[in-house]
Amino acid sequence: MSDLSNKVVVITGAARGIGFAIAESFCKAQATVIIIDLMPEAVEKAVNALKGNGTKAFGYTGNVTDAAGIEEIFSDIVGKHGSIDCLINNAGITRDNLLIRMKEEDWQLVMDINLKGSFICTQKVFKHMMKARKGSIVNMASVIGLMGNAGQANYAASKGGLIAFTKSCAKEFAARGVRVNAIAPGFIETEMTATLSDEVRAEYARIIPLQKMGTPSDVANLCLFLAGDSSAYITGQTIAIDGGLTMQ
Amino acid sequence: MDIEAKVKQIVMDKLGVEEAQVVPAANFIEDLRADSLDTVELVMAFEDEFGLTIPDEDQERLRTVGQAIDYLKEKLG
Ligand SMILES: NC(=O)c1ccc[n+]([C@@H]2O[C@H](COP(=O)([O-])OP(=O)(O)OC[C@H]3O[C@@H](n4cnc5c(N)ncnc54)[C@H](O)[C@@H]3O)[C@@H](O)[C@H]2O)c1
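For the protein sequence lines, the chains are A and B, in the order given. With this note's numbering, letter number 69 in the first sequence gets 69, and the count goes up by one each step, no holes. With this note's numbering, letter number 35 in the second sequence gets 35, and the count goes up by one each step, no holes.
I should point out that these hints are in silico values taken from the structure, not numbers from a laboratory.
Cross-link-like lysine-lysine pairs, in silico, DSS-like; alpha carbons within 30 Å at most:
{"hint": "1", "chain 1": "A", "residue 1": "Lys134", "chain 2": "A", "residue 2": "Lys80"}
{"hint": "2", "chain 1": "B", "residue 1": "Lys73", "chain 2": "B", "residue 2": "Lys14"}
{"hint": "3", "chain 1": "A", "residue 1": "Lys134", "chain 2": "A", "residue 2": "Lys116"}
{"hint": "4", "chain 1": "A", "residue 1": "Lys212", "chain 2": "A", "residue 2": "Lys28"}
{"hint": "5", "chain 1": "A", "residue 1": "Lys131", "chain 2": "A", "residue 2": "Lys167"}
{"hint": "6", "chain 1": "A", "residue 1": "Lys127", "chain 2": "B", "residue 2": "Lys6"}
{"hint": "7", "chain 1": "A", "residue 1": "Lys80", "chain 2": "A", "residue 2": "Lys127"}
{"hint": "8", "chain 1": "B", "residue 1": "Lys14", "chain 2": "A", "residue 2": "Lys131"}
{"hint": "9", "chain 1": "A", "residue 1": "Lys134", "chain 2": "B", "residue 2": "Lys6"}
{"hint": "10", "chain 1": "A", "residue 1": "Lys134", "chain 2": "A", "residue 2": "Lys171"}
{"hint": "11", "chain 1": "B", "residue 1": "Lys73", "chain 2": "A", "residue 2": "Lys131"}
{"hint": "12", "chain 1": "A", "residue 1": "Lys131", "chain 2": "B", "residue 2": "Lys8"}
{"hint": "13", "chain 1": "A", "residue 1": "Lys127", "chain 2": "B", "residue 2": "Lys73"}
{"hint": "14", "chain 1": "A", "residue 1": "Lys134", "chain 2": "B", "residue 2": "Lys8"}
{"hint": "15", "chain 1": "B", "residue 1": "Lys6", "chain 2": "A", "residue 2": "Lys80"}
{"hint": "16", "chain 1": "A", "residue 1": "Lys171", "chain 2": "B", "residue 2": "Lys14"}
Construct all of the structure, not just a fragment, from the sequences and the given hints.
Given below as structure tokens:
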């Protein structure tokens, strides 16, 4: 288990799903973990679930699309904990539909949360990381951002955009010791995918070389690596965690 | 500490240059080898130190050490 005991890690959209699994893993690695999510009750519930065994878990209610709110939260975190060493831009949504039927609102909402939200959080956190001359930012993209998918044009565009955003930020921030990488998960077992039929699962298993879906903790393990000093020489990369689905 | 001394100290800290180089005519980019992000950091450091906000359109007016000192004296005076 990597030792991240001196690191302060902020994870957006971490009240449930993959973000919550990431928060659990960082807690186990002794990091100071701060989760940000939309609903106060969900944040409180998640923080309570993370607490115990001397973990350092804290929560804020916030929306990644609210620049002023995020700025305030980050200042508060730096004031209380001294720094933000790692930001994981995990908050993301889907609003699937065939392009021909896609509503402009559904295009816009996905862009706002997945892409603009990551821009806002990255800009606000970089102000602090730039002064500290160190930091690691991890953007949660998706294999859909690499391959595209019928019915997910908005989501694919947002995640593809996030991958390009990752590379630009990595170049801009490199001279300040701040690394930026993206993770592209494939099919991951979450509440979202729990409802899939056996048929669909069998089809996924057929196309995935490792023949099964991934787990949130598979994604969390990669976050631990990218947050810590073990990945000190890695920046601007998009790492797929997909059972081999997108290998080239 | 007066404005001039504080500005010089910030420039030395942020750009890692010697006091002798921080003369009024020194251009941050051409003479003190700042990159574009360094100039943003300098402005942010001035804002923190002197408790004011320097609007984007005014940043053009802070190209040299002397210009920065004059600007800050004018705003704080
Ligand atoms: N589940 C998968 O198979 C999969 C695959 C690839 C990529 N991803 C990506 O992983 C990330 C997490 O996915 P998940 O499956 O855990 O989703 P999820 O819906 O279970 O969790 C997302 C969390 O983000 C929060 N959130 C939504 N909008 C927000 C906003 N504006 N501000 C703050 N928080 C907000 C939600 O409240 C929720 O708690 C997403 O970016 C998603 O695109 C998931």
